[in-house]
Amino acid sequence: MARGTTNASRGAVCECRASGRSVRSQALPRPCRSGPRRRRGVKVRAEGKLSDLTSVVESQQFDRGMLEDLFEVTKEMERIVEDGAECSLLAGKVMGTLFYEPSTRTRLSFETAMCRLGGKVVSTENAREFSSVAKGETLEDTVRTLEQYVDVIVLRHFQAGSARIAADAASVPLISAGDGPGQHPTQALLDIYTIQKEIGRIDETKVALVGDLANGRTARSLAYVLSKFDKVKLYFVAPDVVRINQDIKDHLTKNGCEWEEVNDLATVAAEVDVLYQTRIQKERFGDKPEDYEKAQGKYIVDKKLVTSMKKGAVVLHPLPRVGEITPEVDSDPRAAYFRQAKNGLYIRMALLTTLLKGN
Amino acid sequence: MARGTTNASRGAVCECRASGRSVRSQALPRPCRSGPRRRRGVKVRAEGKLSDLTSVVESQQFDRGMLEDLFEVTKEMERIVEDGAECSLLAGKVMGTLFYEPSTRTRLSFETAMCRLGGKVVSTENAREFSSVAKGETLEDTVRTLEQYVDVIVLRHFQAGSARIAADAASVPLISAGDGPGQHPTQALLDIYTIQKEIGRIDETKVALVGDLANGRTARSLAYVLSKFDKVKLYFVAPDVVRINQDIKDHLTKNGCEWEEVNDLATVAAEVDVLYQTRIQKERFGDKPEDYEKAQGKYIVDKKLVTSMKKGAVVLHPLPRVGEITPEVDSDPRAAYFRQAKNGLYIRMALLTTLLKGN
Amino acid sequence: MARGTTNASRGAVCECRASGRSVRSQALPRPCRSGPRRRRGVKVRAEGKLSDLTSVVESQQFDRGMLEDLFEVTKEMERIVEDGAECSLLAGKVMGTLFYEPSTRTRLSFETAMCRLGGKVVSTENAREFSSVAKGETLEDTVRTLEQYVDVIVLRHFQAGSARIAADAASVPLISAGDGPGQHPTQALLDIYTIQKEIGRIDETKVALVGDLANGRTARSLAYVLSKFDKVKLYFVAPDVVRINQDIKDHLTKNGCEWEEVNDLATVAAEVDVLYQTRIQKERFGDKPEDYEKAQGKYIVDKKLVTSMKKGAVVLHPLPRVGEITPEVDSDPRAAYFRQAKNGLYIRMALLTTLLKGN
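Protein chains in written order, with my numbering: chain A, 1 to 359; chain B, 1001 to 1359; chain C, 2001 to 2359.
The set of hints was computed from the structure by calculation and includes no laboratory data. All figures in this text were calculated on a predicted structure; none of them were measured in a lab. Glycine is no exception: its CB is placed at the ideal position from the N, C-alpha and C atoms. The reader is advised that the hints may include incorrect statements.
Derived coverage of chain C by chain A (criterion: at least 3 residues anywhere in the stretch with Cβ under 8 Å from a Cβ of chain A; other residues may be distant) [said to hold, decoys possible]:
(1) 2085–2093
(2) 2106–2116
(3) 2314–2327
Per label pair, the in silico range of CB-to-CB distance [said to hold, decoys possible]:
(4) 2339/C / 1287/B: 53 to 61 Å
(5) 243/A / 2339/C: 47 to 55 Å
(6) 1084/B / 2078/C: 35 to 43 Å
(7) 287/A / 2282/C: 31 to 39 Å
(8) 83/A / 1284/B: 32 to 40 Å
(9) 308/A / 2135/C: 54 to 62 Å
(10) 2339/C / 1161/B: 53 to 61 Å
(11) 2282/C / 128/A: 15 to 23 Å
For reference, chain A alone in the conformation it holds in the complex:
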């Protein structure tokens, strides 16, 4: 993780006003680019340096080195929040949220992240219905108007590929908060950060992905990101109707990542470092509600199952849950899903800091 520390070691200073103290943020990266304003039309690609980041559109943008750098910045964000004092790192900056479909949880996480860094937020939680989109405006035009006002745009859209289109149109940094069945990159980043933080490493971990692996983009995205690390072993545990797709399995094999499809959750639970449970999405079963009931009830994480897990192992879940983890599990120290939600705040603070600091 030295790489991260090195290229970021002369970072900005976060002045914590209320306490009168200054917390030196040694891990804050210095973007070397001459400014994002010149970037219009240039495709976002994995560049290997966190400081070169101009937008966050898909988790594939982040190679291992960038992830490690990002984790360093994220740890610094944890210190800022724990400190509790007012932070002025992004004072004077304004974030605009542009949500074409509701996602209260994700929106509030981003907005709080901006607030905790001293920035301000303007927000639209139902852009699809309200904005000039109804009059026929293109997404590109909406973005080019919004960028006249704000310093960074957080976009949630219902169509896969929208985030890329918007980022290409924007001359300010843009972060995708999910684009339909496409990507939800900040979820993948907070998931992988949670594994690093809870387990202490990502290399050589055993991870079970459980639940709806066909439709749930979080499990798919996490599998992709995990494949960047060494000696990770993945177990796929899914009801028959929502098994993992072939493309992921091919990708893992190509990248030398071991994987196995299994039926018996109990055996796997005792084995793994991470049990990543996901929700079976009722809406995917349309006219076959009985299939949903069967799938939903098949793999439940309950107290008995968690007790069988290793001491240092953890249960993760992107939330919301509707019964696939029983509430009695919550008090077990291995239940890490609410801590995982908190990591979402830290990761989003880290991304905002990376994109906006040094502008």
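Fit chains B and C to the known structure of chain A by using the hints.
Just chains B and C now, kept in the frame of chain A:
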């Protein structure tokens, strides 16, 4: 009121940044608890000390001493607002509003309160439709997720009892902004504060509650709170179909509070210190609109009635009104309902300060 | 423009906290009034002095001298935004947005303006559905409640004349963000400011107004404002069904402003300093969609047309557009519509500063 001043006399300092001055907030209480994080699952009860307050769920939590302490803090809040300078008392703190039903007025009052104390706000004004609730998430899970982000939650819910459930689940302070037909504690607090401020005392006041006393929770709550004071006399003036319920009358009798049901508003008006008018709620009359019309028109506060009131008396109303106080009354100094709305801002500032300061 | 500078020359100082520097805002006006609280019921009228401004209800309020003063303040706002440091000019102030119909673009522009001046915002983006209006509250009562909380109200309403009613009821400054088919004064102000900034003058300009001139309030309002300047020549270029109304033509003639209705956009384009394109509004054509198609396609601003324009000329558009300017035009330096949107931010900052500073 010495009690309030005493236990709060070495409070925090509110730095008013823009003016360069420091306003010493002598009335700010020092919470003695070791922090709200250890409170999960513990029932909220009347504890007698404002500094022990961890959540605001119902007006019964507040005994007379706590109310007097709260009034002291509230007066300090008035000074902060009048001062006009930027206040940094809650700088670095973030409030999350979680509204499962719309209540623009209450939400804006809470949000402004947080802003005026230097804190920040993240907001959802239609949680019922938007959030993961639609996917089947429990209120407890929603609260446990939101508390990962914010320092205090303001909850408005459509089901009685929700505020208690949420407060028990939360490890950060939670304030109820009303839970359906249940409680609306901050309304009761601002009402009683308004009486104290306008009349100069609460003991030995005569208060007429007018309008829909069966369904309106504000009148009911105010009656409960008033029963904690000495020699208060209550007059209930309601159309037949929406008379006050027996439970309230029993409660008052048990607590030695005099009350009387009367038909003639004019006679009572000349007698009382406080005339608390409420709106007849059309939606309660269902298939009998003619009953509504009759009830609605029965007790109107107009210029003639107000003129007959005592010099120092006041007309209160929780607002909105739709005709039960005529607009010509507004210019009378006894019309205190907009000042009452402003007191809502002060009371909410006081509660936020009490719950968050010293963490 | 000396007039503007003179009466504003000893303005407030904008402290830019993050940078540690102080930017002296020489153009900031000093309102001379004894405070807006005494203004209730007094009609807003053109007063000739920007510092006397108490509300913004219609563009006619601004005579030439006030516009020039406002432009000076606006330029200062540009410097504040370009500086990038946190500004505390309106620190401690809270703006409330009260939108009875959605207008995401306008709302975000106002909210960002307040944020960039160091103020805070409480917001309601769908007041019509949500607020106590549904219970029958008058607009006057809503405004009188909201003013208990906030320092300035931004109102968007669906009924012409509402802004005036609200401003008369309010004892805090109120800015109209559009009232139905009525006025949208801040749009007219940003349009005229854009002409001044892009062309370097307003006197002696030739301006073509193109598109829906019958229904579009922006083109109408701009025509009114332009008539206050010297030797402006207006060209009206509209499909037959949406030609400019007689009242505007009469107004221009009376005010000595030359105008001409023309059919051929190409000829006019080569002539003018400003080509102000507007959207044909589909909803105006009701049961005659074929008329809409014809009108919509008649006057398109494309690359060829723009290339024929003078070097220093500009194309403006209030946005959103849906095809009446082709995207290929965007890269031409004469395409000024996104810069125009940014000017909306500056103008709104200038108005907020004018109304709130010195209170």
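Hint by hint, where does the structure go against what was stated? Just the numbers, ascending. 6, 8
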